[in-house]
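What follows is each chain in one-letter form.
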Amino acid sequence: MDPDEVESYVDLNRRWPATHPGLSEATQLTEDAAEMIAEWYYYAILELTRLDNFRADSSWVARVLGISTDEVNIALVRLCHLGLLVMEGDRWIDSSEGLIGSIGDFTQETIHRLWSRVRELALSSVHDHARINEHSSTTLAVNSNRLPEISEKIARFRGEVLELLQQDDEHDDVYRLEISLFPLTRIQPNMENGDG
Amino acid sequence: MGNPVTNWQIICQDPDGAAGFYQELFGWSVDTANGLNYRTIATNSDGEGIPGGIWPSPPNGHNLVQLMIEVDDVDKSLEKATELGASIVMPKQILPDGDEMAIIHDAFGITFSLWRKSDHGE
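Chains as they are written, first to last, in the working numbering: chain A, 1 to 196; chain B, 1 to 122.
If you are wondering where the hints come from, they were derived from the structure by calculation, not from laboratory data. Where a beta carbon is used, it is the ideal one built from N, C-alpha and C, also for glycine. Some hints here could point you the wrong way.
What the hints assert, rightly or not - According to the in silico footprint, chain A covers these stretches of chain B (three or more CB under 8 Å from chain A):
no., region
1, 26-37
2, 48-62
3, 77-91
Only chain A is shown next, with the shape it has when bound in the complex (with noise of 0.2 Å):
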């Protein structure tokens, strides 16, 4: 499905309900793949799922995340209909690998919502200091024609840090890895060279 469509999908769903079942089922995958991609906790129950101590019990998994038993069902329905958990019994097994890589495809407005909800999760955690290892972020000047080099040294160095935990064959934890990269003016580069 390409990205650029979901957000259009998903207001074409709303508006055409369940009396086009066949409309209905393809705009209901984008949509689940829309809350799929802007909340986090989607991709930190298919990382739940990888911890040897890990429960298939939906109050355990909202306790340990800090959300409604609800959120999860919710989150687990779309999953299994996504296709990227499968439950079998007291075992939930992540069946996403190589499915969901960088977000980079998708609409800008889920990705904003995506970040938005991260940076209130970080926020939220910078008052517990014990379980924070690394918080750093550096305000950089750029030639924007180095962005497209920049972005696959930063895409390679995230494989090279999955490579170096997926070595491990047991986990006690989940984290995040968030790495933003973005400009903090509104400076169109092409009209301040003069090209535009």
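Please arrange chain B on chain A, whose structure you already have, making use of the hints.
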């Protein structure tokens, strides 16, 4: 065996509100002591009728009532349903209590659950 409707469930944006409403109106009881914190409903009717439950709907989802139909084999029923024009909303899952469940969308826009209890046939 046939394929009886063995349960129903209300899917609702305000599951606590719905639970309270039906408790107040009919004296039904709600129990969440299970692995999914599922609001199971007993109608307390001396064995008459069928039990139900309440499941949360996403904030922008629809409120609806869904039937749960018992089958011998969820996979085979899914296959037959799709041959008849249904689509799969949720593939077969094995719930924490061992029951098997899948949700399908029939050719007329109605969703329902295929269900196989863990003690099916015993």
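We went through each hint and held it up to the structure:
Coverage of a stretch by a chain is defined here by at least three residues with a beta carbon nearer than 8 Å to that chain's beta carbons; for the region 26-37 of chain B and chain A the count is 3, and the condition holds. A count of 6 residues in the region 48-62 of chain B with a Cβ less than 8 Å from any Cβ of chain A is obtained; the coverage claim is therefore met, three being the minimum. For the region 77-91 of chain B, the assignment as covered by chain A holds, since 4 residues bring a beta-carbon within under 8 Å of that chain's beta-carbons and 3 suffice.
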